[in-house]
Amino acid sequence: MQEQRKTLRGPSQAVLKAAKSMYNMLPILGGVMLLIGLVNTWVPKTLYTSIFSKNPLLDVFTGDVLGSILAGNPITSYILGGELLTQGVSLLAITAFIVAWVTVGIVQLPAEALILGKRFAITRIIISFGFAIIIAMITVLILGII
Amino acid sequence: MNKTKPRQKKQGNGKQGNGGWYFFLIVIALYIILLILNPGKAVLSFKSFFSLLIKIIPTLVLIILLMGFFNYFVPPKKLRKWLVHERGTNSGIKRIKAWVIAIIGGVVSSGPIYLWYPFLAELRKSGVRNSLIATFLYNRAVKIPLLPMMIMYFGLAYTIVLTIVTMIFSVFNGLLVERIIDKKVFG
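Respectively, the protein sequence lines represent chains A and B. Sequential numbering from 1 applies to the first sequence in our numbering. Sequential numbering from 1 applies to the second sequence in our numbering.
Honestly, the hints are just simulated from the structure, not real lab data. Note that the structure is a prediction, hence the values are computed from the model and not measured. Some clues are possibly wrong.
[Said to hold, decoys possible] The calculated SDA-like cross-link candidates involving lysine to any residue, where the alpha carbons are at most 25 Å apart (straight line), are:
#1 B/183 x A/110
#2 B/55 x B/95
#3 A/17 x B/21
#4 B/55 x A/33
#5 A/54 x A/141
#6 B/55 x A/36
#7 A/20 x B/20
#8 A/54 x A/133
#9 B/183 x A/122
#10 B/125 x B/175
This is chain B alone, in the form it adopts within the complex (with noise of 0.2 Å):
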């Protein structure tokens, strides 16, 4: 038995608050002093962001056509259909499958992680196991909007088997998570 009560809070309505701005504002306040104390140095330092920033358009572009297409195909409502309907399930595939289900919805998820507590712990609730959650929260690694960004910069062999090997290894962290939380023995 789970003796861990979530609370059932509502929270988070996408908004990130003004920590990003406050964060960006200083920033710029560190540029406009050193543009004071040394505007050789400064300028240097905005033209490696502006080669930067030119460097990643183009995949930030794609990153927000390929967010637009898992938004529109795998809303969260639709994910914890297919979840939920494999609570107390204990036949091999169907085990098997709430399994796969875990580890694609953890990838295709969007948005930022703390938005998904809440839906989890509401799946939780409603049968769903510690390790599916856990593989779930886990599978948030292997963003595939975000790949084109890792190939650009580590390739694209680096990129597949680092994507493979997490998601081999989420489902060991879910069981591992699963058995220290629950001291149970999986299966």
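The following block holds chain A by itself, in its conformation from the complex (with noise of 0.2 Å):
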């Protein structure tokens, strides 16, 4: 038995750790595709083309700022973006949107500002929100030459 538990150790536990860290997500992930199911039936693809507007600027901007807001694990902002580049939305917005996702993440600032600092986590919020922009556009930039 003892000579069992012990080649359960290592990778295959660490696998099995994973395995049941992904589990916990399963509610937040299976939630998100239903919703993606329901909203790829039920919305309008005209209502894409009113929130991101044929504005390139303002289209980062608006990827950036829903980023930003929502939150969750990196895979539902991938699903989110792949769903939205499928609706038209430009490459650039979705770019600043994924970034804005894993970087800004201000449902995470109250967490981040008890334990490193109110100045620290504001400050690193701040900078994340314009860099997102910043990344997009070089992304997309060096995309268009390559």
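These two chains come separately, so use the hints to put the complex back together.
Here it is in structure tokens:
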């Protein structure tokens, strides 16, 4: 029995731990995917064009704001971003959305401020908000060149 | 001198609470309401969900394996040892080494970001600079186990470019955060 337990240690245990943390995320992931199903069926495609205008500067800002407000596992932002891309939203706006999702995190601000300090958290979030736009622009620019 | 004094509060046990389940149940309730009001559209919505689920299942399996790989090879204790080791060093090579460790540490660290706050506060108390802490946090944006999903949606070229640009900007982010907080010129 003890030998059997020993074999479970190491890589297999690490994978089990990862599977457990993924399991904890399942209700959120499942809920988001079910919501996307609803949105795909109920929300007219014209709505995206109303949220994201044809103005690239405004779009990138909208993506940044949305990404900063929404929170959760980065996978969710990829799924949402991928769906938005198929709806015709610009890559610039989607990149700002994805980057802001993982780097800004307004939802986590109270926890970050409490543990790392209010000044640190607010400064980091404001700078990260601006950087999401810059990174989106540079990424799309490079992709346009290569 | 850093004037902020983080509270060393124990928190984050890896459990996300019931929030996720409440959210899931609310969405299920929406589907039930929709099924009563408009069964045709409810079925269409579920079909859309199902096709999305089928699309991401292989990637989710890959992500679990990669997360396990990183959990095994780069546990938080090991990361702490590397970063704290760099405290108080001012020589060029050692400083660059600390930056590289902060970048790699942020990239390979797994789990929710808030679980890392107490660890980072502890690092700062040990002498790790704000710029390195901010750089570590910024690099949490680069998640190697999740890259297959990004490639699936946006392509390999996009994923590579975004990842490299994000890692480069993480250093600028760290420097800028430190400059503003500490009000001192880097170096």
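Here is how each hint holds up against the structure:
1. B/183 x A/110: The given pair, whose Cα atoms are some 23 Å apart, holds under the 25 Å limit.
2. B/55 x B/95: violated (44 Å)
3. A/17 x B/21: holds (20 Å)
4. B/55 x A/33: Roughly 11 Å between the alpha carbons, so the hint for residue 55 of chain B and residue 33 of chain A holds.
5. A/54 x A/141: Measuring from Cα to Cα gives roughly 18 Å; hence the hint holds.
6. B/55 x A/36: With a Cα-Cα distance of about 13 Å, the restraint between residue 55 of chain B and residue 36 of chain A holds, given a limit of 25 Å.
7. A/20 x B/20: It holds: about 15 Å lies between the C-alpha atoms, which stays within 25 Å.
8. A/54 x A/133: Cα-Cα ~17 Å, so holds.
9. B/183 x A/122: Measuring from Cα to Cα gives roughly 15 Å; hence the hint holds.
10. B/125 x B/175: holds (19 Å)
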